[in-house]
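Chains A and B supply the protein sequences, listed in that same order. Position 235 of the first sequence, counting from 1, maps to 235 under the numbering used here, and the rest follow consecutively. Position 236 of the second sequence, counting from 1, maps to 673 under the numbering used here, and the rest follow consecutively.
It is worth saying that the hints were derived from the structure and are not from the lab. A virtual CB, placed ideally from N, CA and C, is assigned to each residue, including glycine. The reader is advised that the hints may include incorrect statements.
Far from chain A, by Cβ distances over 10 Å, these chain B residues were calculated [as the list claims (entries may be wrong)]:
(1) G483
(2) D492
(3) N517
(4) D563
(5) K598
(6) R626
With a Cα cut of at most 27 Å, we get these calculated DSS-like pairs of lysine-lysine [claimed, not checked]:
(7) B:K537 with A:K306
(8) A:K15 with A:K277
(9) B:K541 with A:K382
(10) A:K180 with A:K192
(11) B:K537 with B:K662
(12) A:K382 with B:K716
(13) A:K190 with A:K262
(14) A:K173 with A:K262
(15) A:K85 with A:K165
(16) A:K9 with A:K180
(17) A:K3 with A:K165
(18) A:K3 with A:K277
(19) A:K197 with A:K14
(20) A:K300 with B:K662
(21) A:K277 with A:K259
(22) A:K340 with A:K300
(23) A:K262 with A:K9
(24) A:K164 with A:K190
(25) A:K382 with B:K676
(26) A:K382 with B:K544
(27) A:K85 with A:K180
(28) A:K44 with B:K541
(29) B:K676 with B:K541
(30) A:K382 with B:K662
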Amino acid sequence: MQKYDQLVKDLAPKKFGIKGTIWITFLIIVILAALYAYYQQLTKGLIVTDMRDYALWGVYISNFVFFVAVSLVGSLISAVLTISKQKWSIPLTRIAEIVAIASIVMAGLTIIIDMGRPDRLWHIFVYGRAQSPIVWDVLVISTYLFISALLIYYPLLPDFAILKKYYKDAGSKEGKWYGKLSLNWTGTPKQKHILHKSIRTLAVLIIPVAFAVHTVTSWLFSTTYRPGWDSTNFGPYFVAGAFVAGTAAVIMITYILRKTHKLEEYLPDEIFDKLGKLLVLLCLIYIYFNINEYLIPAYKNTSEEKEHLYSLFFGNYAILFWSVIFISFIFPVIVLIFPKGRKPLPMFIIGFIVLVGSWWKRYIIVTPTLLHPFLPIQDVDKSWHQYFPTIVEWTITFGTLASALLIITILVRYLPIVPIQETAEENNLIETDKKSE
Amino acid sequence: MENKQGDSRRKFLDKGLKLGLITAIGGIGLTKLATSLSAQSQNASGDKMQLMTTDGKLIEVDSSEVIEVKHSNNNDEVYNVREGFPNRKFVMVVDLARCKNAQKCVKSCNSAHYITTHNAWLKVYDMKESAETASYWMPTLCQHCDHPACVKVCPVDATFKRRDGLVLIDNERCIGCRFCMAACPYSARVFNWSEPDQIVAMAAMGEEAMHHESTPDYAGFPSVKGTVDKCDFCPHMIKEEKLPHCVSTCPNGVYFFGDAYEDSVTNGEETFQLSKLLKDKAGYRLMESLGTEPSVYYLPPVDRMVDFEQGLDIYHELNPENKSH
Chain A
1 MQKYDQLVKD LAPKKFGIKG TIWITFLIIV ILAALYAYYQ QLTKGLIVTD MRDYALWGVY
61 ISNFVFFVAV SLVGSLISAV LTISKQKWSI PLTRIAEIVA IASIVMAGLT IIIDMGRPDR
121 LWHIFVYGRA QSPIVWDVLV ISTYLFISAL LIYYPLLPDF AILKKYYKDA GSKEGKWYGK
181 LSLNWTGTPK QKHILHKSIR TLAVLIIPVA FAVHTVTSWL FSTTYRPGWD STNFGPYFVA
241 GAFVAGTAAV IMITYILRKT HKLEEYLPDE IFDKLGKLLV LLCLIYIYFN INEYLIPAYK
301 NTSEEKEHLY SLFFGNYAIL FWSVIFISFI FPVIVLIFPK GRKPLPMFII GFIVLVGSWW
361 KRYIIVTPTL LHPFLPIQDV DKSWHQYFPT IVEWTITFGT LASALLIITI LVRYLPIVPI
421 QETAEENNLI ETDKKSE
Chain B
438 MENKQGDSRR KFLDKGLKLG LITAIGGIGL TKLATSLSAQ SQNASGDKMQ LMTTDGKLIE
498 VDSSEVIEVK HSNNNDEVYN VREGFPNRKF VMVVDLARCK NAQKCVKSCN SAHYITTHNA
558 WLKVYDMKES AETASYWMPT LCQHCDHPAC VKVCPVDATF KRRDGLVLID NERCIGCRFC
618 MAACPYSARV FNWSEPDQIV AMAAMGEEAM HHESTPDYAG FPSVKGTVDK CDFCPHMIKE
678 EKLPHCVSTC PNGVYFFGDA YEDSVTNGEE TFQLSKLLKD KAGYRLMESL GTEPSVYYLP
738 PVDRMVDFEQ GLDIYHELNP ENKSH
């Protein structure tokens, strides 16, 4: 009984402290700056970016791909690992779903930022054409968001009921809201049966949808003829990279929440050890796809691919390209092979390196290809041969990242980070609770 | 018992429907027969008409028997902005042997379409296939592909393919995603990154031009911020039975414009049979391997009228301010 009460107390959402308030204020300032920058972009047009007729997509698109990639971790941890009965990942499911929701919402918003006419967004729904990959993307992203929302909400039902009771006992008003959200959950066997069945169905459903989300996103590129994008490898290559990016994000956020919410007991070192091993596997798969993606075209060296690959291997993008490959994907594998590398702090640092590398990885997938069109770039301003985001683009991009973090922060404030009910069941605390009553 | 009743009712309904249908069809048939019979008997005017059958035979029939058939839609007769000019298939032939980068095409195109971006729709490339082969000038414009990659990827049907071969853009529908630009292998498309500064050029055209509404068959008049523009093959000139600006202003007769159904192309001075010209001069299309099926053909730069000289390679000379003069 005492143990159970302690568990609920530990896992119930906590109000922001001073640090939390500072953090939120910081995020809001960044978002306000981004909103101002976006206002500039709306009034003046996309001329405020460094994009031009050749580099026609830039950091907004690569940032969009990054968000879609990160969102895939929700399906990996709360679906793939759950279905394969990996018990160690149970405390991570909520965090993974929160990260997934935040990033898929931001993916949807980021793609609107890139549009020349955001005021005509409704045209997609009125004039939408089935042959355009953009329409497929809109469909799968909204489906993924919907299933993800259900997949985070259903397991919350018992937790909301627990929180309702907890806050009622504490005499807090918050209990009322949790009560409403719990949809009269009482925990009868029938309710439990329906809930488990629904969650399992959703967990199975979300896997193909998640694969579709990132595969379709890769098709935005691979349905064109351009060297560097014209690849049959793109779907699995993007999906593999997405799991790497998402896992890195979950590692970082788990580490931070464990510190701020003092959850060492519920998110033990062992979890980081397991996540580390998982990340090694995912990085190795991703490196394998990279070999296919770059070395095989380089072997053939057709005149179109040659120019593009040269800029990556030895040219303008060489430092970025090799840094991403070696520092963000190969170096982590080496570190994580050793048990000491899988301790929480090294894992946090590795997670950071991998996540930053994953962001830049998308940048060098999008930009260099556009600067190597089939016909040479002639008779235009010299600056059109290059692309690097302007201050406006950076401000907006950081704003989208801050917005994702704000969504995560708000969800973490009101939702139990570690599932209460499942943790209690796992530790057989529910039974003792009932007996003592 | 109930079942049986239901069955019989169904049968009755079924029979009734069938009978009704037969009566209706029969009725129509009878009236048809009656009208044709009466036509034959009543107005045998004796006025004979010669007609050609679908298999090429000439037959003579009484003019009274010829009845005009009405089509369900009139796309074959009337110009429609999304369908195009009826029974036409526009093509262009660019003779690379004649081009000496005079830039008149670029200038006339820029001024006719009020192009204010720093990227002209019509570009003249300094091309060289390999180190050993000769340099030549290659003008490019929208290739108006029959399998257009840009149209395929457009999410809102803003860019579309017409029956007369033209690929056009509805700037009032375009959402500015630029997927078409990424898809086009010919770099033919440009984007209005800011509010197009066309006021001066249009004011010169008079008050009416200032209020001209954006239409797919007159690209750039006016351009719309946040949307894509490109060469439109000048349907506004075709309407007036004139040649596109690049064709008519080229001093070297590089461009030939015409109709593939008529099998003829002209540069305003010379007219050729399209199929013969392409065969005789080994015409080809750009990036044929991509399967885009362009409507623009190129004649190889052989037996050139002039030597290749380095022309205008500084973009400043091509700034919109200078371009239009």
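Structure-based check of each hint:
1. For G483 (chain B), the non-interface assignment is confirmed: its Cβ lies about 56 Å from the closest Cβ of chain A, beyond the 10 Å cut-off.
2. Consistency note on D492 (chain B): stated as away from chain A, and its beta-carbon is indeed over 10 Å from all of that chain's, at 38 Å minimum.
3. The claim that N517 (chain B) is not at the interface with chain A holds, since no C-beta of that chain comes within 10 Å of its own (minimum 18 Å).
4. At the 10 Å boundary, the C-beta of D563 (chain B) falls inside the reach of chain A, the nearest C-beta of that chain being 6 Å off.
5. At roughly 12 Å from the closest C-beta of chain A, the C-beta of K598 (chain B) stays outside 10 Å, upholding its exclusion from the interface.
6. Here R626 (chain B) does not stay apart from chain A, with its beta-carbon only about 8 Å from theirs, under the 10 Å limit.
7. Between K537 (chain B) and K306 (chain A) the CA atoms are separated by roughly 30 Å; this puts the pair beyond 27 Å, and the hint is violated.
8. This hinted pair does not check out: K15 (chain A) and K277 (chain A) have alpha carbons roughly 34 Å apart, beyond 27 Å.
9. At roughly 23 Å between alpha-carbon atoms, K541 (chain B) and K382 (chain A) fall within 27 Å of each other, so this suggested pair holds.
10. Straight-line distance between C-alpha atoms of K180 (chain A) and K192 (chain A) comes to about 18 Å, which keeps the hinted pair within the 27 Å bound.
11. Simply put, K537 (chain B) and K662 (chain B) have alpha-carbon atoms about 34 Å apart, too far for the 27 Å limit, and the pair is violated.
12. Pair hint K382 (chain A) plus K716 (chain B) does not hold up; C-alpha atoms about 40 Å apart against a cutoff of 27 Å.
13. A hinted pair counts as satisfied when its Cα atoms are at most 27 Å apart, and K190 (chain A) with K262 (chain A) does not qualify at roughly 35 Å.
14. Distance check on the hinted pair: K173 (chain A) and K262 (chain A) sit about 25 Å apart at the alpha-carbon level, within 27 Å; holds.
15. Of the supplied pair hints, the one linking K85 (chain A) and K165 (chain A) is violated, its CA atoms being roughly 30 Å apart against a limit of 27 Å.
16. Of the supplied pair hints, the one linking K9 (chain A) and K180 (chain A) holds, its CA atoms being roughly 20 Å apart against a limit of 27 Å.
17. Among the hinted pairs, K3 (chain A) with K165 (chain A) is consistent with the structure: their alpha-carbon atoms are about 16 Å apart, no more than 27 Å.
18. For the proposed pair K3 (chain A) and K277 (chain A), the alpha carbon gap of about 32 Å is over 27 Å, so the pair is violated.
19. In summary, the hint linking K197 (chain A) to K14 (chain A) is not supported, as the alpha carbons are separated by about 31 Å, beyond the 27 Å threshold.
20. Taking the CA atoms of K300 (chain A) and K662 (chain B), the gap is near 42 Å; set against the 27 Å cutoff, the hint is violated.
21. Between the alpha carbons of K277 (chain A) and K259 (chain A) the distance comes to roughly 22 Å, so the proposed pair stays at or under 27 Å and holds.
22. Simply put, K340 (chain A) and K300 (chain A) have alpha-carbon atoms about 42 Å apart, too far for the 27 Å limit, and the pair is violated.
23. Taking the CA atoms of K262 (chain A) and K9 (chain A), the gap is about 12 Å. The hint holds against a cut of 27 Å.
24. A threshold of 27 Å between alpha carbons decides the hint, and for K164 (chain A) with K190 (chain A) the separation of about 21 Å falls inside it, so the pair holds.
25. For a cut-off of 27 Å, the pair hint linking K382 (chain A) to K676 (chain B) is broken: about 39 Å separates their Cα positions.
26. Distance restraint check for K382 (chain A) and K544 (chain B): the Cα-Cα separation of roughly 21 Å lies within the 27 Å cut-off, and the hinted pair is therefore satisfied.
27. At most 27 Å may separate the alpha-carbon atoms for a hinted pair to count; K85 (chain A) and K180 (chain A) exceed this at roughly 31 Å.
28. Distance check on the hinted pair: K44 (chain A) and K541 (chain B) sit about 32 Å apart at the alpha-carbon level, beyond 27 Å; violated.
29. At roughly 23 Å between alpha-carbon atoms, K676 (chain B) and K541 (chain B) fall within 27 Å of each other, so this suggested pair holds.
30. For the hint pairing K382 (chain A) with K662 (chain B), the CA-to-CA distance comes to about 23 Å; that is within 27 Å, so the pair holds.
Hint check: violations occur at hints 4, 6, 7, 8, 11, 12, 13, 15, 18, 19, 20, 22, 25, 27 and 28; the rest are consistent with the structure.
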